[in-house]
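Here the protein sequences come in this chain order: A and B. Heads up: the first sequence runs through residues 1 to 113, numbered per the numbering used here. Heads up: the second sequence runs through residues 1 to 114, numbered per the numbering used here.
Mixed in with the good hints, there may be bad ones.
[Said to hold, decoys possible] Taking lysine-lysine pairs in the DSBU-like style, the calculated list, with each CA pair at most 30 Å apart, reads: (1) A/K13 to A/K52; (2) A/K52 to A/K22; (3) A/K22 to B/K49; (4) A/K57 to B/K113; (5) B/K113 to B/K49; (6) B/K49 to A/K52; (7) B/K49 to B/K68; (8) A/K57 to A/K13; (9) B/K113 to B/K61.
[What the hints assert, rightly or not] Anything over 12 Å on all C-beta distances counts as not near chain B; from chain A, calculated: (10) K13; (11) K15; (12) T31; (13) Q44; (14) S80; (15) G84; (16) S86.
To be clear, the hints were calculated from the coordinates, so they are not data collected in a lab. Note that beta-carbon positions come from the ideal geometry of N, C-alpha and C, so glycine has one too.
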Amino acid sequence: AAGVIQSPRHLIKEKRETATLKCYPIPRHDTVYWYQQGPGQDPQFLISFYEKMQSDKGSIPDRFSAQQFSDYHSELNMSSLELGDSALYFCASSLGQGVETQYFGPGTRLLVL
Amino acid sequence: AQSVTQPDIHITVSEGASLELRCNYSYGATPYLFWYVQSPGQGLQLLLKYFSGDTLVQGIKGFEAEFKRSQSSFNLRKPSVHWSDAAEYFCAVGSMEYGNKLVFGAGTILRVKS
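All chains should be modelled from the sequences, with the hints used to inform the complete structure.
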């Protein structure tokens, strides 16, 4: 079965650079969630989209922005990167906004030097 | 405020022994509950979920969990642990009232002794 695809899988950036993470949800899934997992931490919710509209917002820095496109893929744009942004970024998708299971991608590991 | 507590940071069990990982939640709404497993450097794999109905749910890899509303708990169990079960386990809670975002516990790292 098709799963959530995230690209790139690994990314190394310098401080103050920008990064774009991409997420391709499971086919027919219309809801995307982004989570950040710092080293040794649990995943923290950043932002979610349903039918291309932002549906919820968590602890996402103002330096970050995201959107969902007409084909339901999503991109997380990160600017003015800081050392503390080094983390594993997960995307999850689900079908609809009801009580649904979120299926997680393999994550993008971002290292900021 | 929503919170999930996994009281055990590390657990070590012998291969073949039984396992119970604890999860307690504090939620101001009707929760739905998940257990995910994460191997080092890997993504989160769904083990099982509880939305409603039978409070004992079966998952993949021989895992089960029981939802106890009176105790606000959703403990994960396995009768006989295999070496390949060594990983980090996360309990997560969501609710439609809170936009379906998942709140995770801090995780429990399971080590399996041979």
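Cross-check of the supplied hints:
Proposed proximity of A/K13 and A/K52 is supported: the alpha carbons are some 28 Å apart, at most 30 Å. Annotation: proposed proximity of A/K52 to A/K22 holds, straight-line Cα distance about 15 Å (limit 30 Å). For the hint pairing A/K22 with B/K49, the CA-to-CA distance comes to about 27 Å; that is within 30 Å, so the pair holds. For the hint linking A/K57 to B/K113, the alpha-carbon distance of about 42 Å lies beyond 30 Å, and the restraint is violated.
Restraint check: the Cα-Cα separation between B/K113 and B/K49 comes to about 28 Å, which is no more than 30 Å; the hinted pair holds. Of the supplied pair hints, the one linking B/K49 and A/K52 holds, its CA atoms being roughly 27 Å apart against a limit of 30 Å. Distance hint between B/K49 and B/K68 is fulfilled; the C-alpha atoms sit about 14 Å from each other, no more than 30 Å. Between the alpha carbons of A/K57 and A/K13 the distance comes to roughly 25 Å, so the proposed pair stays at or under 30 Å and holds.
A hinted pair counts as satisfied when its Cα atoms are at most 30 Å apart, and B/K113 with B/K61 qualifies at roughly 18 Å. The Cβ of A/K13 sits about 19 Å from the closest Cβ of chain B, beyond the 12 Å cut-off, so the non-interface label holds. No beta-carbon of chain B comes within 12 Å of the beta-carbon of A/K15; the shortest separation is about 24 Å. Consistency note on A/T31: stated as away from chain B, yet its beta-carbon is not over 12 Å from all of that chain's, at 8 Å minimum.
Distance check for A/Q44 against chain B: the nearest CB is about 8 Å away, which does not clear 12 Å, and the non-interface claim fails. No Cβ of chain B comes within 12 Å of the Cβ of A/S80; the nearest lies about 25 Å off, and the non-interface call holds. The non-interface label for A/G84 is consistent with chain B: the shortest C-beta to C-beta separation is roughly 19 Å, beyond 12 Å. For A/S86, the condition that its CB be more than 12 Å from all CB atoms of chain B holds, with the nearest at approximately 14 Å.
Comparing the model with each numbered hint stated earlier shows that hints 4, 12, 13 do not hold.
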